[in-house]
Amino acid sequence: MSNSADGIFFLTGKDFTNAGAASSNLKGILENMGVRPEIIRRAAIAAFEAEMNVIIYAVAGMMHYFINDEMIKVILQDMGPGIESIELAMKEGYSTAPDYIREMGFGSGMGLPNIKKSTDELKVNSIVGEGTTLEFIIYLNKTA
Amino acid sequence: MKLEEIKEILGAVIISKSDGLDINIMRAYCADLMSDVLAFSITNSLLITHLTNAQVIRTSEVADIKAIVFVQGKRPDIETIALADGKRIPLLVTDFSMFDTCGRLYEKGLRSQSDTDF
Ligand SMILES: Nc1ncnc2c1ncn2[C@@H]1O[C@H](COP(=O)(O)OP(=O)(O)OP(=O)(O)O)[C@@H](O)[C@H]1O
Ligand SMILES: [Mg+2]
Numbered sequence: 097m098s099n100s101a102d103g104i105f106f107l108t109g110k111d112f113t114n115a116g117a118a119s120s121n122l123k124g125i126l127e128n129m130g131v132r133p134e135i136i137r138r139a140a141i142a143a144f145e146a147e148m149n150v151i152i153y154a155v156a157g158m159m160h161y162f163i164n165d166e167m168i169k170v171i172l173q174d175m176g177p178g179i180e181s182i183e184l185a186m187k188e189g190y191s192t193a194p195d196y197i198r199e200m201g202f203g204s205g206m207g208l209p210n211i212k213k214s215t216d217e218l219k220v221n222s223i224v225g226e227g228t229t230l231e232f233i234i235y236l237n238k239t240a
Numbered sequence: 558m559k560l561e562e563i564k565e566i567l568g569a570v571i572i573s574k575s576d577g578l579d580i581n582i583m584r585a586y587c588a589d590l591m592s593d594v595l596a597f598s599i600t601n602s603l604l605i606t607h608l609t610n611a612q613v614i615r616t617s618e619v620a621d622i623k624a625i626v627f628v629q630g631k632r633p634d635i636e637t638i639a640l641a642d643g644k645r646i647p648l649l650v651t652d653f654s655m656f657d658t659c660g661r662l663y664e665k666g667l668r669s670q671s672d673t674d675f
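As you go down the protein sequences, you meet chains A and B in turn. Each residue of the first sequence is one higher than the one before, starting from 97 at the first, in my numbering. Each residue of the second sequence is one higher than the one before, starting from 558 at the first, in my numbering.
Pulled out of the complex, with its shape left as it was, chain A reads as follows:
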């Protein structure tokens, strides 16, 4: 493959009907570009976990993606409660998800650790009461 693409998906908090659709679309774009399946899987997993966090915890947000010959970069920005302690949020098993979210199969506190594991670079910034920005990069020519 030798091309590039970028785009944006809008996400609505608590919209569980469409939750995951942005990551699913991103996966399709990567498949059409001929990206290697292992890379696609890592990108789709990271994007999906991050998208679900926006849907579950925030009011609204967006997912920007940038793909070129070297890397996939995805930025998720949301308006929401923010994260008080990012260090704590990154811990496996830490979750503030309410019961109805747990009943849907989420809230095991593994999302951020999964993103960390699936990506080459991860940055999380958050302001309590305003929102959260999560950015990850996966290099196309490197194995994790």
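Don't read these hints as lab results, they were simulated from the structure. Computed from a predicted model, the values in this text were never measured in an experiment. Quick reminder that beta carbons are idealized off the backbone N, C-alpha and C, glycines included. Among the hints, erroneous ones may be present.
Lysine-lysine pairs mimicking BS3-like chemistry, simulated, CA-CA at most 30 Å apart [said to hold, decoys possible]:
| # | chain 1 | residue 1 | chain 2 | residue 2 |
| --- | --- | --- | --- | --- |
| 1 | B | K644 | B | K631 |
| 2 | A | K212 | B | K644 |
| 3 | B | K644 | A | K169 |
| 4 | B | K564 | B | K574 |
| 5 | A | K213 | B | K644 |
Chain A residues, not near chain B, derived (Cβ > 12 Å throughout) [stated by the list, open to error]:
| # | residue |
| --- | --- |
| 6 | G109 |
| 7 | M129 |
| 8 | H160 |
| 9 | M167 |
| 10 | S181 |
| 11 | L184 |
| 12 | D216 |
| 13 | S222 |
| 14 | V224 |
| 15 | G225 |
| 16 | E231 |
One side of the interface only, derived from the structure: several residues of chain B facing chain A at Cβ under 8 Å [said to hold, decoys possible]:
| # | residue |
| --- | --- |
| 17 | L590 |
| 18 | M591 |
| 19 | S592 |
| 20 | D593 |
| 21 | L595 |
| 22 | L608 |
| 23 | N610 |
| 24 | V613 |
| 25 | R615 |
| 26 | E618 |
| 27 | V619 |
| 28 | D621 |
Keeping the supplied structure of chain A fixed, place chain B with the ligands upon it in accordance with the hints.
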């Protein structure tokens, strides 16, 4: 193991349009936590779960799950089935419990990871 054989072992019914009975299933993974599916399942596995919401289908797509078995007679709603049809993920329902479903499939040789892991 063909999906057809899995269907027979579990006395399951296919509830999706895409039956995919000749799909070859090499691995299975069972979970009710979506993050676990994403973190630990192997590409092209069968997913065995109690959960029937739309997120199970999306999670399965992301994790390259080939087919889903819902245990204990649980059935997703029509929208969720339509979502799976759109992604060509066959859906099966069995009346067996999670334990019995996994036990029966394991007995017939289905595994989660490669045999050398055991
Ligand atoms: N975008 C966000 N806005 C506000 N809080 C967030 C956001 N993303 C994560 N968090 C906080 O960080 C915690 C840990 O997130 P993480 O994704 O690791 O686990 P989880 O969403 O609780 O469960 P899982 O991802 O396993 O379903 C969340 O419970 C929540 O408190
Ligand atoms: Mg999460």
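Evaluation of the provided hints:
no.	hint	in the structure
1	K644(B) / K631(B)	holds, 20 Å
2	K212(A) / K644(B)	holds, 27 Å
3	K644(B) / K169(A)	holds, 25 Å
4	K564(B) / K574(B)	holds, 15 Å
5	K213(A) / K644(B)	holds, 26 Å
6	G109	holds, 15 Å
7	M129	holds, 17 Å
8	H160	holds, 19 Å
9	M167	holds, 20 Å
10	S181	holds, 20 Å
11	L184	holds, 17 Å
12	D216	holds, 17 Å
13	S222	holds, 20 Å
14	V224	holds, 24 Å
15	G225	holds, 26 Å
16	E231	holds, 19 Å
17	L590	holds, 5 Å
18	M591	holds, 4 Å
19	S592	holds, 3 Å
20	D593	holds, 7 Å
21	L595	holds, 5 Å
22	L608	holds, 5 Å
23	N610	holds, 5 Å
24	V613	holds, 7 Å
25	R615	holds, 3 Å
26	E618	holds, 6 Å
27	V619	holds, 4 Å
28	D621	holds, 6 Å
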